[in-house]
Structure formats: structure tokens, C-alpha cells
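Student: Sequence order for the protein chains is A and B.
The opening residue of the first sequence carries number 1 in my numbering; numbering runs sequentially from there.
The opening residue of the second sequence carries number 1 in my numbering; numbering runs sequentially from there.
None of these hints come from the bench; they were simulated from the model.
Take these hints with a grain of salt, some might be off.
Subject to a maximum C-alpha distance of 30 Å in a straight line, what follows is the list of computed DSS-like cross-link-like pairs (lysine-lysine) [unchecked claim]: (1) A:Lys210 with A:Lys125; (2) A:Lys80 with B:Lys210; (3) B:Lys210 with B:Lys220; (4) A:Lys35 with A:Lys80; (5) A:Lys227 with A:Lys210; (6) B:Lys147 with B:Lys220; (7) B:Lys95 with B:Lys117; (8) A:Lys35 with A:Lys124; (9) B:Lys147 with B:Lys95; (10) A:Lys35 with A:Lys125; (11) B:Lys71 with B:Lys147; (12) A:Lys125 with B:Lys210; (13) A:Lys35 with A:Lys220; (14) A:Lys125 with B:Lys220; (15) B:Lys107 with B:Lys117; (16) B:Lys210 with A:Lys119; (17) A:Lys80 with B:Lys220; (18) B:Lys220 with A:Lys119; (19) A:Lys210 with A:Lys220; (20) A:Lys124 with B:Lys210; (21) A:Lys124 with B:Lys220; (22) A:Lys35 with B:Lys210; (23) A:Lys35 with A:Lys210; (24) A:Lys227 with A:Lys35; (25) A:Lys119 with A:Lys80; (26) B:Lys107 with B:Lys95; (27) A:Lys80 with A:Lys125.
Pulled a few chain A residues facing chain B out of the computed Cβ check, cut under 10 Å [to be verified]: (28) Thr50; (29) Pro83; (30) Arg87; (31) Asp100; (32) Asn107; (33) Gly116.
Yeah, the Cβ is synthetic: ideal placement off N, Cα and C, and Gly gets one too.
Residue-level listing of the chains:
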Amino acid sequence: MSVGTGVEPVVQMFHVHKRYGPQIALRDVNLTVLKNEFVFVTGPSGAGKTTLLRLIFLQEEVSEGQILVNGVNLQRVRRKMIPLLRRSIGFVFQDFRLIDSYTVYENIALVLEATGHQKSYTQKKVRQVLGMVGLEDRMHTYPPRLSGGEQQRVAVARAAVGNPWILLADELTGNLDDEAADMVFDLLRQLHRRGTTIVVATHDTRLFDKVAGRIVFLNKGQIEGEKRS
Amino acid sequence: MNLIVLSSVIQRVRRNIAAGPYLHLAATATIAFSMLILGVFAILYVNISDLVRSWQQDIRVVAYLEEGLVKERVELLRRHLAELQGVEEIRYVSKGEAMTRLRSQMKHRASLLDGLKENPLPASFEIELAPGWQRWERLDPLADEIKTFSGIEDVAAAEAWLHRFTGFMGFFRLASLIVGGLVFATTVFVCANTIRLTLYAKRQEIEIMKLVGATDSFVKIPFYVQNLLEGALGGIVGLGLLFISFKLLIARLHSGHALLSTFDIRFLSLTGCSLLLFVGIFMAWLGSYISLRQFLRP
Chain A
1 MSVGTGVEPV
11 VQMFHVHKRY
21 GPQIALRDVN
31 LTVLKNEFVF
41 VTGPSGAGKT
51 TLLRLIFLQE
61 EVSEGQILVN
71 GVNLQRVRRK
81 MIPLLRRSIG
91 FVFQDFRLID
101 SYTVYENIAL
111 VLEATGHQKS
121 YTQKKVRQVL
131 GMVGLEDRMH
141 TYPPRLSGGE
151 QQRVAVARAA
161 VGNPWILLAD
171 ELTGNLDDEA
181 ADMVFDLLRQ
191 LHRRGTTIVV
201 ATHDTRLFDK
211 VAGRIVFLNK
221 GQIEGEKRS
Chain B
1 MNLIVLSSVI
11 QRVRRNIAAG
21 PYLHLAATAT
31 IAFSMLILGV
41 FAILYVNISD
51 LVRSWQQDIR
61 VVAYLEEGLV
71 KERVELLRRH
81 LAELQGVEEI
91 RYVSKGEAMT
101 RLRSQMKHRA
111 SLLDGLKENP
121 LPASFEIELA
131 PGWQRWERLD
141 PLADEIKTFS
151 GIEDVAAAEA
161 WLHRFTGFMG
171 FFRLASLIVG
181 GLVFATTVFV
191 CANTIRLTLY
201 AKRQEIEIMK
211 LVGATDSFVK
221 IPFYVQNLLE
231 GALGGIVGLG
241 LLFISFKLLI
251 ARLHSGHALL
261 STFDIRFLSL
271 TGCSLLLFVG
281 IFMAWLGSYI
291 SLRQFLRP
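Chain A on its own, in the form it takes in the complex (with noise of 0.2 Å):
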């Protein structure tokens, strides 16, 4: 079940069932993510939406089916490969996930020093990335410092700065007031633009008009329905 404005499958999800012991959070899924796709999921709380990004994102291990990332068959990398895959992927938690005890700067440099970047390189990533989320002021500052627009701001950023082939929000504006969402928000719109795949878990219905990409509905597990926004 996919329309796409691509044609290179990014994600591809075959038949995914997701248990926890008898509870049921995924249940047959099918869902292709094309690249260069801005998708949203949504639906109501515990539909399902925050299991599906984990399982794209190797933080789940699928009961049954089949994801396939950039053509990797996520059931069959070993442990030892996560890291280099997540590296590929870049994902927004709804509670930021930032070290309170590095500065802006060095949250976002983690990603490149972990990879093994020169510090050359990596200095001018973060401010170029911190620069794109308006915070290259605040690179010194510690996360507890920062307002919850600005810290998810720094989680974006820390999400782009690696060229992630797909980035992955989940309530990327849940903890946010309407302004510092919208902030927020531009910035995914920004790197869609610049040819990042987006998939968005939410149910802040008010995002849907401002890009043009589609919504996938979900509800007890089930993919209910698509459409274009």
C-alpha cells in the first residue's frame, strides 16, 4: 500500500506484526516510504505510531513480517551492525533524548566524533546544522538552559547533522507550544527540501496543511487508510 512521489523504496514493511507478550501493537502492516516521501502517521494514542518508527529504527525487533531499509533486511542485522544502520537513519524523540551534561555543541558533534569524523569536518557540520536551526548562539549552552522549542530544535539538528537517508519524528511538537511546533516543524520541512525522506509520528492534526506528503492512519495496530495532504 504505498503512493509515492519517489520511486526508490527507502522503507518497506511487510506483514509486520508487533506483540508485546499477549498485547498486540502492530498487526499486519504494509507500508512503503519512498524517497524524498514527507509521510505522517497518525492516529489516537497507542495505535500504534511510536512501535512502528521503533521497529524501523531497530529499537524493536519485529513477532512477524518484514522491514527492509534501504533495501537492508532489518531482521537479518546482527547486533554488531545497528550502529553503523541507525547512523543512516535519523530520529526526533518527543523527549528530546539530549545529554544534560554536554553542551549543544557537543550533543550534536556525538554523532560525527562516534563515526569518526575530523574535528574540522565536524565543527563546521554542527554550525552549519545549528545555524539552520537558529541556535549557533547557544552551541556553549547546556541543555537544561535551553526552552523545550530550543532543545527540540538541538534534537533536529543532532538528527540531520549525519545526512540521514530518512529522519524519523516521533510527537516531534507533543511538548511544544504553537509557535516553537511550528519552528520546529519548518526545520523538518527544511530538510525535505534538501531531499531527506520524513516520517512523522503525530496526532497534531494542524501539521497536515503545512507540506504536501501523506498521511497514513492507523488505529489499534491496523493500517485504517491513506490520503494526501
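Once you've looked at the hints, dock chain B against the given chain A.
Tutor: Below, chain B alone, put in the same frame as chain A:
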């Protein structure tokens, strides 16, 4: 590890230590203390082994002759004894020489011997042993064999005390192993817990690192480096303390105890010190390994 990763590792090691300096100080002090205890045992072991070796080299058998043996008989006995396996050299000590020696050993108390009407000391053969025959398990049968010779009244060998001392050395070796094992286990436990506490304090940071694509090695290396540094520092401090304590003790012994001053008590060799330092570093590494293995288990 390239320079970029190295600089990141150094930065994170600094952060880890800065986050709990007293914890790391305690771990380093524990390693230093362990080194001190292990070092004391090593020094005792080395020096007692030296002493036993030197005593073993001096071990000889003394065969006391029956009273009134004629010169020819004595010479015949000497020839027979010289044919025995393990005998290197035989020296005859006459009754008169034995008395002279006793007088010289008794020094100013020698006048006590003046009252003796006749010399009660027997003549003897002092039998030097061939290399490798100073061990009690070879000495005992040799002494028994000499006793069977006609004309030999009695045989004195150092086997009894040597046996006891060898037994003591075995016990000392066992005690050293047990104490060493306990010290080792305690130090590894302390190091493992230091890392465990650091890991616990940084669990959120580690989780985030893994989410942004950091490998297990990237996460682990700073903790290993941190513990190896603690191991090396603790080892150096422990060895330093051991050396200072040794020098002070030796100076005291030499000034106060004339008998002890004749022994050449030596410190650990360079190899021994390196080995001890390596043990300290290894204990710290093992502590990290155990904790990191448990913590990063999927």
C-alpha cells in the same frame, strides 16, 4: 583508533573522572593498597626463598665415628664413604679439632670446658654434598645408608629442620596464594563497582550514544582507559609506598639488629616490579570488563 576518536575518548575519560572524582580516587587508593599487600608478600617470598637456597647450599652430613678407631680403619671408612653417590668431598675432624672448634664457638664461656678430664667429643667426617643432593628427600636415605657403615656411631644431617622449613615454605606459598587471591578478588570487585556506579550514573548518556549510532566499542573504550589509568596510577603509588616502607624498615633493622644486618634483604627486581604493576593494571581492566559486559548486554 584514529586521532579524532582518541580526542573524544580523552574528553569522555576526563568527564567520567570529573563526574565522580572521589569514587575514582577510592578505586586508585584500593589498587595502591592491594599493590602494597601483594608487594609485601612478594618481598617476603623472594627473600625467604633466597635464605632457604643459601641454607640448602650449606647443608652437609656429619658422620660421627666410634671411639678408638685406628688410623687405617678411618682411612678405609673415608674411601668407602667417598664412593657413595651424592658425596662430593669428605673432611676428617679429629677429636682435638672438634674441641678447638667448640672452644672457639663458646668464646668467653670456653673456660667451662677446662674441668673436663678427657675430651668427650667424637671424631667425625664432614661430608659435603654434590649439587642437587641438599634436598631432604635425597639426604635422608643417604644418612640412613651412612649409618649402616661399621665404625660409624651416629649421623647428623640437617634433614629434620630442612624438612620442617620446606613444609613451612609450602605453607607460606599456599598462604601467599590465598591472600593474593583474596586481595586480587577484592580489588577487581572494587574496580568493577567503580565502573558500575559510573555506568549507572551515565546510563542515559550511554543509551543516547547508542541511539545516535555509537558502537559498543565507542561507549566502552573511555571506561577501559579510565580504569587502566587508575590501575597504572594505583600500581605506581603502591610500588612507591612499598619501596619507601622497605627502605625505612631496612634502615631500622640494620641499626637495631646485628643478626638481621648480616642478611642481604633485597627489594623486588625490575621484572618483579613490572609484573606487580601489570597485575594492578590487569585487575583494573578485569573490573571494567566484568561491569561493561554486564551493562552492555543486549
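Student: So, for every hint listed, does it hold in this structure?
Tutor: Comparing the hints with the structure gives:
1. A:Lys210 with A:Lys125: The given pair, whose Cα atoms are some 28 Å apart, holds under the 30 Å limit.
2. A:Lys80 with B:Lys210: holds (11 Å)
3. B:Lys210 with B:Lys220: Given that 30 Å is the threshold and the Cα spacing comes to 11 Å, the pair holds.
4. A:Lys35 with A:Lys80: Cα-Cα ~26 Å, so holds.
5. A:Lys227 with A:Lys210: holds (15 Å)
6. B:Lys147 with B:Lys220: violated (70 Å)
7. B:Lys95 with B:Lys117: holds (14 Å)
8. A:Lys35 with A:Lys124: holds (27 Å)
9. B:Lys147 with B:Lys95: holds (19 Å)
10. A:Lys35 with A:Lys125: Status holds; Cα separation ~23 Å.
11. B:Lys71 with B:Lys147: holds (20 Å)
12. A:Lys125 with B:Lys210: holds (21 Å)
13. A:Lys35 with A:Lys220: Distance of about 27 Å is within 30 Å: holds.
14. A:Lys125 with B:Lys220: holds (26 Å)
15. B:Lys107 with B:Lys117: Within the cut-off at roughly 20 Å; holds.
16. B:Lys210 with A:Lys119: holds (20 Å)
17. A:Lys80 with B:Lys220: holds (14 Å)
18. B:Lys220 with A:Lys119: Distance of about 21 Å is within 30 Å: holds.
19. A:Lys210 with A:Lys220: holds (26 Å)
20. A:Lys124 with B:Lys210: holds (23 Å)
21. A:Lys124 with B:Lys220: holds (27 Å)
22. A:Lys35 with B:Lys210: Holds, at roughly 25 Å.
23. A:Lys35 with A:Lys210: The hint holds at about 19 Å.
24. A:Lys227 with A:Lys35: Holds, because 18 Å separates the two Cα atoms, which is no more than 30 Å.
25. A:Lys119 with A:Lys80: It holds: about 25 Å lies between the C-alpha atoms, which stays within 30 Å.
26. B:Lys107 with B:Lys95: The given pair, whose Cα atoms are some 19 Å apart, holds under the 30 Å limit.
27. A:Lys80 with A:Lys125: Holds, at roughly 26 Å.
28. Thr50: It is violated, given that the least Cβ distance between A:Thr50 and chain B is near 14 Å, above 10 Å.
29. Pro83: Holds. Min distance 5 Å.
30. Arg87: holds (4 Å)
31. Asp100: With a closest approach of 8 Å, the A:Asp100 hint holds.
32. Asn107: holds (8 Å)
33. Gly116: holds (5 Å)
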